[in-house]
Structures are given as C-alpha cells and as structure tokens.
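Novice: Residue strings, one per chain:
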Amino acid sequence: MHTITVTINGAAEYLAVRSNMTLLQMLREELGLTGTKNGCEAGECGACTVLLDGEPVNACMVLAVESDGHQVITVEGLAEGDELAPLQESFIELNAVQCGFCTPGMLTSAHALLQRHPKPTEDEIEEAVLGNLCRCTGYVRIVDAIRDAAGSSASASGKGGAR
Amino acid sequence: MLARPGLPSFEYVQAANAAEVHSLMQQSGARLMMGGTDLFPQMREGVCEPETIVDVKHVPGMRDLSYDERLGLNIGAAVTMNQLVRHRDVQAHYPILAQAAHSVASYQLRNRATIGGNVCNASPCADTSPAVMVLEGVMVLQAKGAERNAPAADFVTGPGQTAIEPGEFLAAIRLPAPPAGAVGRYLKLGRSRLGDLSIVGVAVLGYPDPAAASGYRFRIALGSVAPIPLRAPAAEEILAANTPSEETFAAAAEEAMGVATPITDVRAGATYQKMMVRALTIRALRDVWAELAPGKGA
Ligand SMILES: Cc1cc2nc3c(=O)[nH]c(=O)nc-3n(C[C@H](O)[C@H](O)[C@H](O)COP(=O)(O)OP(=O)(O)OC[C@H]3O[C@@H](n4cnc5c(N)ncnc54)[C@H](O)[C@@H]3O)c2cc1C
Ligand code: FES
Ligand code: FES
Chain B
23 MHTITVTING AAEYLAVRSN MTLLQMLREE LGLTGTKNGC EAGECGACTV LLDGEPVNAC
83 MVLAVESDGH QVITVEGLAE GDELAPLQES FIELNAVQCG FCTPGMLTSA HALLQRHPKP
143 TEDEIEEAVL GNLCRCTGYV RIVDAIRDAA GSSASASGKG GAR
Chain L
7 MLARPGLPSF EYVQAANAAE VHSLMQQSGA RLMMGGTDLF PQMREGVCEP ETIVDVKHVP
67 GMRDLSYDER LGLNIGAAVT MNQLVRHRDV QAHYPILAQA AHSVASYQLR NRATIGGNVC
127 NASPCADTSP AVMVLEGVMV LQAKGAERNA PAADFVTGPG QTAIEPGEFL AAIRLPAPPA
187 GAVGRYLKLG RSRLGDLSIV GVAVLGYPDP AAASGYRFRI ALGSVAPIPL RAPAAEEILA
247 ANTPSEETFA AAAEEAMGVA TPITDVRAGA TYQKMMVRAL TIRALRDVWA ELAPGKGA
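Heads up: the protein sequence lines correspond to chains B and L, in order.
Whatever position you read off the first sequence (first residue = 1), add 22 for the numbering used here.
Whatever position you read off the second sequence (first residue = 1), add 6 for the numbering used here.
One chain only, chain B, in its complex shape:
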C-alpha cells in the first residue's frame, strides 16, 4: 500500500492505494467519481480520459500511486457548481451526445484543447479527440460543439472579436 495525497477537482484527497491500482480504478471505485468511464482498459478508447496536471491522459494507463502530489481533473470538475461549462452547454445544444458513454472523455480532451489553443483549427480539434472513440454520433456534431464552445467562450470573455 502507498499513502498518497492528490488534488482531485480542486480538493485534496488522502488515500491508501495498492501498487496495481490504476488511476481509473481509484477514481471510480475508491472515490465514486463514475463520470470517468471504463471502455477498454487498454488505452484505445479514451473514455477514461482525465487531466493530470492539466494534460489529458488515459486513466486506465496510469497507476493511482503515480498521481501522488499531482492535480487531477475529471469530468465532474468541469462545471462551476450548478453552472455547466460553455463546452458542456455546446455539447447539449448541438446534440453532440447520444448514449453519452464517450462524452466525459470527449469533454476532458476538448477542455484541455481549449486551454492550449483557445481558437483551435480543424486539425487541432481532430488531433485532440482522435483518441476518443464515439460509436454513436459520427463525430461531426462533437467537432461542431467544440468549435462552438471555442467561439462562445471567446466572446463571453470579450476577447474573441469578430468571428
């Protein structure tokens, strides 16, 4: 067992974890943060994507103990209280969600993208969500929603100028 301290969605957590526990198991089974999904446990589907120190990683491919001393953001941490993030609003508005299984991973990947590139190009959007498989939507609406969120967050902060 390892005793770790990790900041999850802004709050410090003290946990005892086994060496072979993945970050995905820790989030879902120890902390009940079941927004992060388990699709393949093989790094292939992206449903388990979370942000480790701001960068997306596949939580099924990271050991829980490796998060000691770091910051983790999950899909539960994107909204501000009851207020959904612009990205989440865009996903709802543009029907980018069907069964919803891929959505948490899509949102965390897209959130990190907008942090790196507030005005992403098509290529940058594609690169960001290429590791997130969706079996329902055909991706077009997801890409539209990300583009829409990039526009709305820029205009909301007043820095975007004319689109």
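To be clear, the hints were calculated from the coordinates, so they are not data collected in a lab.
Backbone N, C-alpha and C define an ideal beta-carbon position, used for all residues, glycine too.
Incorrect hints may appear among the rest.
[As the list claims (entries may be wrong)] Listing some non-contacts, in silico: residues in chain B with all C-beta distances to chain L over 10 Å: (1) Val84; (2) Ala107; (3) Glu111; (4) Gly122; (5) Pro142; (6) Val165.
[What the hints assert, rightly or not] Stretch by stretch, here's where chain L covers chain B in the computed footprint (C-beta under 8 Å, at least three residues): (7) 32 to 46; (8) 61 to 67.
[Said to hold, decoys possible] Computed far set for chain L versus chain B, every beta-carbon distance over 10 Å: (9) Asn23; (10) Ala219; (11) Gly221; (12) Asp271.
Go by the hints and put chain L with the ligands onto chain B.
Specialist: Chain L with the ligands in isolation, oriented as in the chain B frame:
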C-alpha cells in the same frame, strides 16, 4: 458487462537516481517502467508478470531534451512523444523525428508514451525507430558506474530484444547534428489515417553531398516489415550513384522492397506490405527531393 480484472499484483517503486535503479534492478522479477503504455497491456494479457515495477522516469536527466549546434540533440529516455512533437529544436532540426513521434497513438497516450520505452520495447512497428536510425542516433546505456554508447543501427536485435546488457538501462538517445541541408520524411501506413500501429513505416533522410556521384545521399529505414527495423543499404547506394529522377527512385524503392521480409498477420498481408514499402519509399523520396532541390523536378 463484467468488470475487467485490472492489473495483476506487483510492487511499485520509484527510483530517485541511477544508483537506485541499479540496486532495484537486481531484485528478481523487477521490470523497468516509464509510461507503461507497452508494459501494462502486456501485463494485462499475461505476457509478462513482474513482481516489482521500477519507475525510472524521475531519475534526473531522464526528461531532459536539449539541443546544441555542434553536439546535436540529447533526448532523455523518458522524454514523451508530445514533448518531442512540441519542441522547437526538434521541429527545426529533426522534423522527421517530430513526424514519427506525432504518428504514435493518440494525444492522450503521447503524454505518457516515451521515446525510450518505444525503442526498448523493440517492437518491429515502433514508429520512432526508423527515424532514429536515419538520424544515426546513439543509445546511451547506463551500467553501474559506467556508460556505453550503442549505435541505433544495431540496437534492436530481435522482436522485443535489444543490445541492452543485464545491469544496464537506457538513459538517453543522442542524435548527432543532422547533415547540412538535410530533409526528412516519415510516412506511416496504418489501418486508419492516424493513431494506429503501423503496417509499414518508411523514413527517408536526404542531403547534398558533393562526394556522392549523384551529388546527394539518402538514408532509408523501414519499420514493421521485418523482425527488426532495417536500413536499406542497396537502395541508398543507387541513390548516391545515380542522378535523382523518377527512374532512380523507382529502382531504389525496388531495392527497399527487397529487404522487407514481412509476414502476413491480422493487420495486413505480406505481399501488400511489400508493395506498400515500394509505394511509400517512392512517395517519401519524391517529397524529400521536392524540398531538397525545389524546381529541379525528377
Ligand atoms: C492504444 C495504443 C496505441 C499505440 N500506438 C502506437 C503507435 O502508433 N506507434 C508506436 O510506435 N507505438 C504505439 N504504442 C506502443 C507504446 O505506446 C509506445 O511503444 C511507447 O512509446 C512506449 O513507451 P512507454 O514509456 O510507455 O514504455 P513502457 O511501457 O514504460 O516500457 C516499454 C519497455 O521498455 C522497458 N523499459 C522502460 N524503461 C526502460 C529503460 N530506461 N531502459 C531499458 N528498458 C526500459 C520496459 O521494461 C518495457 O519492456 C501504442 C500503445 C497503445 C496502448
Ligand atoms: S478505458 Fe482507458 S482508453 Fe479505454
Ligand atoms: S455518444 Fe455514444 S459513444 Fe459517443
């Protein structure tokens, strides 16, 4: 759906320095780890069952990435694919390496996957291997109190096998300054356009060389089409001896196809792979030539 069994049990230890790596490596059943993106799937499939996992990515220097005009590029073994893709000097002086690193898996995985893990796992389809080979990289192997350089050319000795001796670990990869005026291309064929293991990988580096009969030299390395990544020396000789032209490129690509010994597997047939070696070699040569000698045609 039933829950997956997760990872088999093991003890995780983080090595703080090279001395700790060496003492932890002595334990029976110890296995080194950096991003774990090759290791964990192998453990889940029961291919390997380490008792102790030694995380070596925090050893000082393992994450360093630095460029010097004279010395070239020093890449710590635990430098991630995304670090390579983003680095200014890699983009400016070793774009072929940035292309190869960018072709690996997905953005998320590239935050974890390291170049050292890629070459040490020694899969024939490791995407950075052909690029490191045409850049004539050197593997820096760290034994207790001693360091040894192994040329990338014969680092991989078989599928999953490398020139690393017991008691050594990969500390860094050094790439010499590229030849003046060099242009490189890494072309990868996967089942999808991006983000899949390669079925064929072709790396070509070309540069002017007045000493060559053609005025140019080209280095070619192939991935995924033999038990180990390979250079294609006969193809390289044709290109040094003959003026670059469509005919020269076709003849060289034919030789490159000749060194490939792929096997039919679930992802592609052997004949298809051989033909794609030829096609991608020609394509890469054309691309490199167009940039090397703009307007000269071929
Ligand atoms: C979904 C998925 C997609 C992938 N797609 C690609 C792809 O497109 N192209 C590609 O090339 N690869 C791909 N891979 C494979 C893998 O991601 C890469 O090979 C990666 O670079 C491995 O690096 P790592 O740090 O994760 O290695 P690890 O898994 O940590 O280690 C790999 C091997 O090296 C050994 N090792 C680790 N550190 C050292 C050291 N310092 N010295 C000596 N030995 C050491 C380990 O014991 C292990 O055997 C994919 C993997 C997954 C899961
Ligand atoms: S569950 Fe982690 S990538 Fe699929
Ligand atoms: S909405 Fe069902 S997998 Fe994407």
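Novice: Please flag the earlier hints that this structure goes against, numbers listed from lowest up.
Specialist: Structure breaks hint 1 only.
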